[in-house]
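Participant: Here are the chains, one letter per residue:
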Amino acid sequence: MRNVDILIIGGGPAGLAAAISAYEAGSRNILILERDENLGGILKQCIHNGFGLHTFKEELTGPEYAQRYIDKVIEYGIPTQCDTMVIDVTPDKVVTAVSRGAGLEHFKAKSIILAMGCRERPRGALGTPGWRCSGIYTAGTAQKLVNLKGLMPGKKVVILGSGDIGLIMARRMTFMGAKVQACVELMPFSAGLKRNIVQCLDDYDIPLLLSHTVIDIHGKEHLEGVTVAEVDPKTLKPIEGTEQYYECDTLLLSVGLIPENELTNMAGVKISQATNGAEVNENLQTSVDGVFSCGNVLHVHDLVDYVSEESAKAGINAFKYVKGELKENEKTLEVVNGFGVSGAVPQRISQKIDEPISIMFRPRGVFKKAQVCIDVGDKQVATKKARIFTPGEMVTLKFKPEYLENSGNADKITVRVEVQQ
Amino acid sequence: MIDVVIIGGGVVGCAVARELSRYDLSVSLLEKTDDICNGQSKANTAIIHGGYDAKPGTLKAKFNVLGNKMYDKICKELDVPYKWNTSLVVSFGQDGHAKLEELKEQGIKNGVPGLSIIGQDELRKREPNIGSTAYEALLVTNGGIVCPYELTQAYAENAAVNGVEFYRNAEVTGVEKIDGGWKVTSKAGTFTAKAVVNCAGLYSDVINNMVSEDKLKIVPRRGEYYIVDKNYADMFHAAIFQLPTKMGKGILVSPTVDGTVLLGPTAEDIDDKTDTRTTAFGLSKVLKYASLTWEDIPRKKFITTFSGLRAHCDRDDFVLGEAPDAPMFFNAAGVESPGLTSSPAIGVYLAEMIADKLDSKKKENFNPIRKGIPKFREMSDEERAKAISANPDYAKIVCRCETVTEAEIREAIRRPVGARSVDGIKRRTRAGMGRCQAGFCTPRTLEILCEELHISPLEVTKFGGDSKYIDSYLFEKGDNENA
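Chain order of the listed sequences is F and Z.
If you want my numbering, it's the position in the first sequence, counting the first as 1, plus 10.
If you want my numbering, it's the position in the second sequence, counting the first as 1, plus 67.
Treat the hints as calculated values from the structure; they're not laboratory data.
Incorrect hints may have been included.
Stated by the list, open to error - Calculated lysine-lysine pairs in the DSS-like style (CA-CA distance at most 27 angstroms, straight line):
hint	chain 1	residue 1	chain 2	residue 2
1	Z	Lys352	F	Lys247
2	Z	Lys367	F	Lys280
3	F	Lys337	F	Lys247
Put together the whole structure using the sequences plus the hints.
Facilitator: Dropping the structure here:
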C-alpha cells in the first residue's frame, strides 16, 4: 500500500490543472494516475484550435493547450503514472490500480480528486431503429481514428446531433475529403457553441437541420443511408410525410456526453440526477469527505478553459483538506435549479463563504431578452443579463459572500431564468 | 470421404459437433457467416426454459425438459455462466387464474418439477419492483438464464479440441446424394461425408428441401429487444414472463447473466430471413408491454436495441432426426425457442443416433472439459495480480465499461474457432457490450485484430462481409504507421 496525500484520477485537463494548483499551494505528495499512455486526455485528439482564449488569451490547439500543463507538471516534478487504470475506489480512499509496469497496486490517499472526464452517448441509448451495420461512430471515436490513427471511416457523412464534437468533426471530415451532407438536430436549437456552428458548418455550407432526426438506418452490412424526418418541436415525434433519404457511408453521433462516474459510484459518492456527476459543495468536495470532483466528470463543460479553472480550485481545496484547513460549515444551502436552468454546480453552498464562488449551469432552452437571477431564500440577490442564453453555452454566475448576509433561515439558493416581457 | 458434415454453427450445430466429437468420427462443421453463433443463437432471450410452455407430446416439450436437466452438467464442464434464477409467468389483472392453472397442468404433463401458483404477497416478496397490476404468477423453479454466446462458443471450442474441423464463410449451396453418402458443396469447398446434419436454423428448410420430398417451410419470426444498463441488475430477480399469447411467450423482463436487463421480444412473422432490423413499431411495442411488468422503465438507461429471427417451422414443432426419404441426412430443423434450452439434449440425441448408424465407438481420449477465458472483471485482487504477472496484457483494460483486458481480447482471437471480427470479440469477451457501446474500445480493438490476424485496418470488419470500419488511409502507409 502506497501512501499519497493527493491522488488524482485522470491526467486530462482537469487532473493536470488540479495537480499543478495543489503543487503551487504547497503539496509535495501528489500522484496522477492516467489510463492512457500519455497525459492530456481527450485534448490529444482535438487538433483544431480555439482552446485557451480565456486562460492564455491566445488560440491554441488541444495538444498545445494540454502541453502547457504537461510542461508544468514535468517542471514541478509531480509524479505521474500513465498506462495505469484505476479499477476500484473505496469510501475510505483506498484506490486500486493496474498497470503493465507495476501490476496491481493499492494506494491509501488522504484526498482523492476525481477527474475522469466523460464519454459519448452511443446509438444504442437512442433506440434509433434500423440495421446494426458498420459505419456508425460516435463523433469522438471517429475523431480519434482520423486525427490520431490516420484512418478515414468513410466519405459521405451525416451527423446526428449538434454537440461540439459533431460540429468539429463535420469540418474535419470535410477537410479530409469527405462530403458532409447534413447535421441533424432533434431539438429546435443546437447543443453546440455558436462559434462552432459558424466555423464548422456555415463556412462549409453544411446544413444544420434543427427539429429533425434520423428515424431509420439502412445497410445490412455497411451503412448505405439514413432516413431523416422533421419532428414536432413539442413532442419530438417524427412528422409523417417529411421523410428524406440521405445516402451515406458514415453516420457520426454527437448526441450528448455523459460524465464517467463508475469510480465515483464505487467511492460511495452521491450523484446528481441533473448533471450525472457528483454532488459537490463550493469547495468541489463530494458527499464523501476528502473526495473532490472536477472537470467533465463533474459536469460537462463547454470550454476546456473552465475545466482548468474549476479543477485548479479542486486542487487547492484538496491540499487544504490534507492540511486540515478546509473549512466545513455545518449549515449549507441547497442550490436549486429554477425555471430554464439545468444542472447548476455546486449543488450546495455553505452559509458562510469567504470569497466569491462560481455557479455554473446550462440553460434548458434558448432564451432571448432574458436574465438569470439568483435568489437566496425568497430574496433576489443578483441578476445577469445576456443577449441570448442557449444550452450550448454554459452560464457562470459569481456568487458573492455578501449575498448570504441577512439570509436568515433561508435553506436554498435558486438559480432561474427570467424572460423579460 | 469424412464421416459427418454439420451444416450450421449456431448453438444446435455446435452442440451436435461437441457430442459427435465423443466418438471416433471425422466431423466438419460448415458455417455460412464469418463466425459461429451469428444467427438466432446470438439474438434471443437467453433463458433456460422450465418446459411448461410447449404442448405436451411435442418434441419442443420433450427436449426442453431433457435439455433443462442437462444444464448443470454442461455448464460446469464447459465453464459457461448460468443461473437458476427461476421464471415467473405473471397475470396482470384477476382473470388470468384459469390460464395459469392450465399452464401449470401443461407443465406437469411435460414432466416439469416444482411448479406452483403464487399470490400477491409471495409475488411481491420475490419481486418488490413488479408493476402494480401484477396479480398472481406461475412460479417456475427450474427456470434459469444462460449466456447463449458463451454456450455456443464453449461447444465449438470443446468440439474443436476434440477434433471437429470448423469452416467459416462456408455457405452450403448444394447437397447431393452420392454413393455411400452425400456431397456437400459450399463456398469453402466441396465435402463428401457419410452423414449430413442440418442445423441451418432459419435456412434449415432450404437445406432439407435440397434432399427430401418431405418439404419444410421456415418462417422468420422477428423479435425486438431493449437492453437496460447493469445499474438495474437487482431490479428483478426472476425472468418475468407475461401470460403467453398465440404469437409467443409475450414480452418479458429478464435479468441476464451479465447483469443487464432484457426487455422483449416482439413476435412478428416476416418474409426476409436476413431482416434483423429494429423498427419504431416493434420497439414501441416492447416498451408498451414491458411497462406492465416494469412501470417506470428508465428510458435514459438503455444501452442498445437488437432484433433476432426465430426459425419458426410451419409444423409448429422441432423437426429432429433422419429425413424419411433421405437416409443418413439428419435434421435439427425448425429449432426455435426453446431451442437454446433444448440444445444439449438435441446434441446428444442426434450424436447417438448418428454414431449408432455409423457403428462408431466412443473415443477414450475425449476431453469434456473446456475452460472459459479468465475474466478480469470476475477476479479477486490476488487473482488479478497473479494474472498480470503471468501476462502483463491483463493490466491493459481495453473496454472500460465491462472491464475487459487486452489479454482476454487476444485470447479470444487465438482460441480454437477464434474471433475474426469486432462482433466476434464482443461475443467472446463482452468488450464493447457495455454502456458506451464500443465508443472507447473500438480503435484499440481494431489494432489488436490487425496485430493478431496480420491484416490491415482496412480489412477489419464488424461481422464479416462488407461490414468494414475503415474506408481509407489518410496518409501514405509509411507515414500512417508513425501516426
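Participant: Does each hint fit the structure? Answer for all of them.
Facilitator: Right, here's what the structure says about each hint:
1. A hinted pair counts as satisfied when its Cα atoms are at most 27 angstroms apart, and Lys352 (chain Z) with Lys247 (chain F) qualifies at roughly 16 angstroms.
2. A distance of roughly 19 angstroms separates the Cα atoms of Lys367 (chain Z) and Lys280 (chain F); the hinted pair therefore holds under the 27 angstroms criterion.
3. A hinted pair counts as satisfied when its Cα atoms are at most 27 angstroms apart, and Lys337 (chain F) with Lys247 (chain F) does not qualify at roughly 50 angstroms.
In the structure shown, a violation is registered for the earlier hint numbered 3 alone.
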